[in-house]
Amino acid sequence: MVALPTVFFLGPAIGAIIVYLFLRMQVWSKPDAQAVASHGLWVGIIGWMASSLQGAMSAGTIRANSMGSNAPVTPDQIANALAWPIVASLTVHALGQLSYPAPKAPRRYAELKIRRIRDFLPRKLAWTTAAIFGYAALAVAWIAALPAHTPVPPAPPPPPGQPTAPSGPGPFPGQDGRIPGTELALWLGGALLLLAAGTWLVLLLIARRRQLETLDGDDNRMLRTIATNRLLRTVSTIAAGLAAIAGNFASQPAPGAAWQSSWFNVLALINMAVLAAMWWWRVPALPSSLKASQATSAKTLRNDPLTHGAVRLSISLGTVLGLVGGLAVVAGVAVILAASSPLDPRAFPLVTALAATALLIVIAAGELLMARNYGRPHAPARWPRQPVSRGLLSFAIGSASILAVAVAFAVAAETQPFTPRTWPAALLLSALVAAAGAAAVTAVRRRRGIPESEAESGLDAALRAISLYRIVRTLAAYCLGQSAALLMITGDAWYSVFPPGDGVYPLAPSPAVTVGMVLAAIAVIVAVVPVRSLLGTIPRVNAPAWRDGLNDCRDHG
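Quick note, the sequence shown lines up with residues 1 to 557 if you use the working numbering.
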């Protein structure tokens with residue numbers, strides 16, 4: 001049997017590996033300015049998602065009704081609820097720096113100037129973050145002097161047949177208590193110190209990371225400023241969240257005759273204001289990335305009258321894929337709800353498979369439409385030199401491995417009583433999705449070539465590479481989504497498959513459910529990752545050859 005500490009860290013370790021592979025995928029094949037900008041954006045998004053303190057908002061509250069929702073009260077519960085979001089968010093930003101590729105050129109160019117943290121700190125944001133940390137420290141110190149409250153249990157219901165007052169209040173539901181303020185203040189203060197120390201270490205990592213050889217000096221300096229900007233905005237919201245937890249603790253009324261059923265947390269309102277301010281805080285852009293994005297963005301290519309029609313069709317197909325994926329998920333859930341209400345969790349694998357299959361069918365249909373409108377039988381089929389980047393391919397293989405682990409866990413969980421048997425259906429659906437993926441790859445491989453002039457050399461191969469990217473991206477997202485569904489469905493059997501070493505089963509959700517939620521979020525992110533980095537491989541010419549041929553046809557009648 002696996003001991004609890006090992007199992008406890010297994011889920012976060014898997015999540016860190018997935019995040020690292022996903023971030024490395026962004027800059028593996030070609031870490032140019034545009035790819036680096038996309039990489040930094042996803043670091044900010046994933047780090048923001050991991051920083052949620054929602055599970056700790058009621059820390060220190062002793063529930064009066066034991067049948068209600070649990071709140072972190074014991075030291076281990078409070079420590080887990082506070083530490084994991086902080087560590088996870090800082091780890092994501094650290095992985096963002098570690099996932100950059102190492103220099104590969106035979107000669108390396110070093111800067112003589114020593115890089116310091118203050119050289120990359122955005123001054124206004126740094127002072128704002130320091131003020132928020134000071135505000136959080138004051139809120140923590142404020143609750144240190146607050147006393148503990150004993151919870152008041154709910155009043156028992158009146159015996160059957162006993163008359164009640166017609167206009168009196170309903171049964172007393174009880175009132176929550178709380179632990180001593182000193183205890184919670186120590187935990188919140190420790191979390192704030194952990195956040196400050198971790199932020200400083202990540203800032204050191206940002207300052208001392210090696211230069212990217214694919215960027216010039218100005219871009220490298222701005223890249224560190226961007227990373228610092230995203231880090232400070234995230235830790236500011238976490239610090240404000242710690243203050244909101246203190247405010248929630250202090251706002252609870254004391255039990256007594258003047259009992260109150262509602263109260264307002266002012267610090268939570270300040271937390272929302274900080275969240276909105278940090279969300280809208282401007283992020284600087286790389287100088288070269290700004291120029292490249294203006295030249296190769298999907299909007300620019302779509303609005304350019306000289307853009308090849310096949311390129312327009314490929315760009316439009318990306319928009320259609322987003323709509324089809326969302327509609328497939330909504331339609332799948334609606335059909336399942338119509339068949340059986342409420343929604344059966346065992347239907348989640350079917351919804352995931354339907355969405356993936358719909359996307360793959362649309363990609364294959366787009367290839368057939370492109371061949372019909374722009375392909376010619378005599379034009380040679382140009383296969384891309386590197387059909388799929390190593391980063392995306394490695395990420396897809398890792399996602400398939402995670403699906404295999406999730407299926408193995410579902411098989412082990414089946415031996416426990418009252419556990420749904422979902423893995424046979426998941427395997428069957430995965431085989432169908434794999435078949436749809438193979439059909440889509442075949443459609444890309446056998447599509448008729450698009451005529452291209454010497455100036456347009458590489459157009460056909462670039463369009464095939466974009467389609468292959470979308471296929472592999474869809475399959476990787478499906479593997480992660482299917483893994484998430486299996487883990488969340490069979491997660492209740494986690495402690496039966498891996499019993500704790502001390503024989504005490506925790507009340508918190510099993511790690512399988514937590515890992516499943518993380519995988520589901522990453523699957524959604526992967527499914528919507530655009531092919532912006534591949535748009536730069538499309539050749540741009542002043543007069544496409546297909547237009548010249550069309551004009552010749554018109555001239556001849």
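These aren't lab readings, by the way, just hints derived from the structure by calculation. Idealized CB from N, CA, C, for every residue including glycine. Any given hint could turn out to be false.
Cβ-Cβ distance ranges computed for the label pairs, FRET-style [to be verified]: (1) P287 x G190: 37 to 43 Å; (2) L204 x V320: 41 to 47 Å; (3) L186 x A273: 23 to 29 Å; (4) R390 x L327: 18 to 24 Å; (5) A408 x L193: 37 to 43 Å; (6) A285 x H378: 32 to 38 Å; (7) V333 x A13: 54 to 60 Å; (8) E414 x R282: 49 to 55 Å; (9) L193 x E414: 29 to 35 Å.
Hints versus structure:
{"no.": "1", "hint": "P287 x G190: 37 to 43 Å", "result": "41 Å, holds"}
{"no.": "2", "hint": "L204 x V320: 41 to 47 Å", "result": "45 Å, holds"}
{"no.": "3", "hint": "L186 x A273: 23 to 29 Å", "result": "27 Å, holds"}
{"no.": "4", "hint": "R390 x L327: 18 to 24 Å", "result": "33 Å, violated"}
{"no.": "5", "hint": "A408 x L193: 37 to 43 Å", "result": "40 Å, holds"}
{"no.": "6", "hint": "A285 x H378: 32 to 38 Å", "result": "44 Å, violated"}
{"no.": "7", "hint": "V333 x A13: 54 to 60 Å", "result": "32 Å, violated"}
{"no.": "8", "hint": "E414 x R282: 49 to 55 Å", "result": "52 Å, holds"}
{"no.": "9", "hint": "L193 x E414: 29 to 35 Å", "result": "45 Å, violated"}
Violated hints, in rising order: 4, 6, 7 and 9; the structure is consistent with all others.
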